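Trainee: Chains A and B supply the protein sequences, listed in that same order.
Counting from 1, one number per residue, gives the positions in the first sequence under the numbering used here.
Counting from 1001, one number per residue, gives the positions in the second sequence under the numbering used here.
Bear in mind the hints are in silico, worked out from the structure with no lab data behind them.
Just so it is clear, the structure is predicted and the values come from calculations on it, not from any experiment.
Each hint should be verified, as a subset may be incorrect.
[Stated by the list, open to error] Computed cross-link-like contacts, DSSO-like style, restricted to lysine-lysine with a CA-CA straight-line distance of at most 27 Å:
hint	chain 1	residue 1	chain 2	residue 2
1	B	1168	B	1124
2	B	1124	B	1101
3	B	1124	B	1145
4	A	22	B	1145
5	B	1101	B	1145
6	A	22	B	1101
[As the list claims (entries may be wrong)] Which stretches of chain A does chain B cover? Using the computed rule of at least three CB atoms under 8 Å from a CB of chain B, they are:
hint	stretch
7	6 to 20
8	317 to 323
9	422 to 434
Cβ coordinates follow ideal geometry from the N, Cα and C atoms, glycine included.
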Amino acid sequence: MGLSGRFRSALVIGGQGIRARKLRTFLSMVSLFLGVLAIVTVQAGSVLANRALLADIELRMAKDGTTRVNLSSSGKTVPIAVDTLAGRSDVVGTLTATAIIGEPGVRPINPGPSPLKYANQDMYGNSSRMVCDSSGTCRVMEQDAAGILPRGQAVELQLVLLTGDIRPYRPFPVEAGRWLDFGGPPSLSPSLVLNREAATALTQYRLPAEMQIISEAKNPTPRIIGTVHDANEVPTAYVRADEAMAWMSSASLGNLSLELYLNGDGEPLLQTLLARMSAVSTDPVEPYRSVVNSREHIGGQLDLMRWIFLGMAALVLLIGVAGILNVGLATVGERVEEFALRRAVGTPRLLLAGIVLAETLITGLLTAAAAIGVGVAGLQVAGTLFGDRREMLHDVAFPWEAGVAGVVAGLVAGILGGLFPAIRAARIPIATVMRA
Amino acid sequence: MSDVPLIHLDGLTKTLTGQGEPRPILSGVNLTVHPGDSVAILGRSGSGKSTLLSLIGLFDRPDSGRYLLHGNDIARVPERRAARLRSQEFGFVFQRFFLLKHLTALQNVSMALVNGQGWLPRRKRRAKVMAALEQVGIAHLARHKPARLSGGEQQRVAIARALVREPKILLADEPTGALDTETGALVIDVLHAATHRGCGLVLVTHDHAHANRMQRVLRLTDGMLVPEHQGVFR
Ligand SMILES: Nc1ncnc2c1ncn2[C@@H]1O[C@H](COP(=O)(O)OP(=O)(O)OP(=O)(O)O)[C@@H](O)[C@H]1O
Ligand SMILES: [Mg+2]
Chain A
1 MGLSGRFRSA LVIGGQGIRA RKLRTFLSMV SLFLGVLAIV TVQAGSVLAN RALLADIELR
61 MAKDGTTRVN LSSSGKTVPI AVDTLAGRSD VVGTLTATAI IGEPGVRPIN PGPSPLKYAN
121 QDMYGNSSRM VCDSSGTCRV MEQDAAGILP RGQAVELQLV LLTGDIRPYR PFPVEAGRWL
181 DFGGPPSLSP SLVLNREAAT ALTQYRLPAE MQIISEAKNP TPRIIGTVHD ANEVPTAYVR
241 ADEAMAWMSS ASLGNLSLEL YLNGDGEPLL QTLLARMSAV STDPVEPYRS VVNSREHIGG
301 QLDLMRWIFL GMAALVLLIG VAGILNVGLA TVGERVEEFA LRRAVGTPRL LLAGIVLAET
361 LITGLLTAAA AIGVGVAGLQ VAGTLFGDRR EMLHDVAFPW EAGVAGVVAG LVAGILGGLF
421 PAIRAARIPI ATVMRA
Chain B
1001 MSDVPLIHLD GLTKTLTGQG EPRPILSGVN LTVHPGDSVA ILGRSGSGKS TLLSLIGLFD
1061 RPDSGRYLLH GNDIARVPER RAARLRSQEF GFVFQRFFLL KHLTALQNVS MALVNGQGWL
1121 PRRKRRAKVM AALEQVGIAH LARHKPARLS GGEQQRVAIA RALVREPKIL LADEPTGALD
1181 TETGALVIDV LHAATHRGCG LVLVTHDHAH ANRMQRVLRL TDGMLVPEHQ GVFR
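Can you build the whole structure from these sequences, using the hints too?
Mentor: Put into structure tokens, the structure is as follows:
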């Protein structure tokens, strides 16, 4: 009875107060709106940017928690690795070779392979024979006796040989066709899945689908079965390791670096693999392990930016708070007699202070609701307008973190703007006001 | 009249400090009010009548002296309890009516019931409010806002607000000050009627005619209450 009586009384009194001052409540909301909207926007933007960056890194590196193992390899150990890991997904191995697709006997437009935006530019001048790929690895271009080959309709690719399905670790979305099938026996003509860059190159330069694996004698005729997004700017093709290896000599296989992806479940298989490789290897097999932890890494980078922007948004919010505070103090000034009277008839001063505070809190929350609404609508509009061009805005849901930030901003503004007037209301001396 | 008085003031003092030096306003007020008693307090302007009522009504606390309410000393009662006592024991009527202009007469009376001290459902609240408005003779004006009421009607709404919680003591500070003689007399009638139900009444007024309708007439001079006839007839 006691508490609910208080609470109900507060509702009635507060309701009467707001109804008597609708315009004023609305104007307070207007003054607060921009600040809360700024907070919501900054928070939404940073969460979305974070998510986009993380998704990008997941494709490029691997999901957080994945263990990546780099191994020294040789012509003997590579077949053992491929054999051991065949069809397994608890440990997946990759070998990266280079291949050229297009007219035979010409110089590819992107030696390296380098991203296509550097196509037809030699990085170190025309005469240079050194080419570099996007990861910074440089090598000397092969040159025949006649000097540099003529440029022609050919694109150089990274050819990534996979022992099993890598998508549990690097979740490439399929954009056309289908992904590699690791079940069943290897096919004689290797199936390729291209990344966006490679697919673009093939359509843009209308290349014949003839493939030459660098430093191999025989040229397979691949079948291109699909396109995926792997966030890599270098033209890349993915292929089943067993299908590609049929076309490669053991000497050139030994030159490829072997990289493994696994999580906790893969540990026993990894140990088996290492044991088998050590058994045939003259040099010790030295695994180099690293665990992907990008969330923490990029979190640190983005946090600074986020705090800077939030700080600016908070300033805008502060201006809004000053607005509410101004209105709140004026209102209490106007209501001195009402408050004195209410106290005279027995309303506790704490209840009155609470009502004043609650009125601005409600104003703050209503503003937050409006700002979040505008944020949600804005994101939808941005999504439909720019969704095709900007990956980050494509089909995204409004992040709940931004909603929370908006509500917190509304509450904080309500408290900051209401506390002073509330204290003032509680301090009104009845005896002075009621003196006749 | 029961043995325990409603109010017993014993040597109450109050010094007020405005701008400048402290001024003793009350310097030993004695007063006893029993249920059903009616007391008029006269005094020059500035003699401290309103100050005395604000002490009795627990708007403020005395500097020294004893204040017994139903025999309990409440001279230094904390604010929380004072608020509850204001709600349960006292009804206030002022020279200015202090009606809230955005509320109807009914809501204005109702606000004394919506004060965080207990809770009545809407219906019971309405019944009590209508009974109080009936008591002061303006039930038919329940839906009017103050702007549409005459001064006398407004003051009667204020009295209904004071009566709606059935207080033990009515404190009225120049309730007729803003009204013409006839309307003033009507308001005094309404207040006086409350004493027939055992309510104590302390009326501050400048009007001897009104004062003489009370059982006792006192005068506040030099910070003390003295019986009025002593001053006049001696
Ligand atoms: N807050 C205050 N601080 C200092 N002095 C005050 C304060 N309030 C009132 N006074 C002084 O106290 C004295 C008594 O005031 P009070 O209002 O009680 O007089 P009153 O008898 O009710 O007068 P009136 O008949 O004009 O209403 C006055 O001289 C007034 O100036
Ligand atoms: Mg006075």
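Trainee: Does each hint fit the structure? Answer for all of them.
Mentor: Going down the list of hints, with the structure as the test:
For the hint pairing residue 1168 (chain B) with residue 1124 (chain B), the CA-to-CA distance comes to about 21 Å; that is within 27 Å, so the pair holds. About 24 Å separates the Cα atoms of residue 1124 (chain B) and residue 1101 (chain B), which keeps this hinted pair within 27 Å; it holds. Of the pairs offered as hints, the one joining residue 1124 (chain B) and residue 1145 (chain B) holds, with about 22 Å between alpha carbons and a cut-off of 27 Å not exceeded. Distance check on the hinted pair: residue 22 (chain A) and residue 1145 (chain B) sit about 18 Å apart at the alpha-carbon level, within 27 Å; holds.
The hinted pair formed by residue 1101 (chain B) and residue 1145 (chain B) meets the criterion: a straight-line CA distance of about 6 Å does not exceed 27 Å. Between residue 22 (chain A) and residue 1101 (chain B), the direct Cα distance comes to roughly 15 Å. Compliance with the 27 Å bound is thereby established for this hinted pair. With a threshold of 8 Å between beta carbons, the proposed coverage of the stretch 6 to 20 of chain A by chain B holds, since 9 of its residues qualify and at least three are required. Only residues whose beta carbon comes within less than 8 Å of a beta carbon in chain B count, and the stretch 317 to 323 of chain A has 0; fewer than three means the coverage is violated.
Three residues within the 8 Å Cβ limit are the bar, and the stretch 422 to 434 of chain A against chain B gives 4, so the coverage statement holds.
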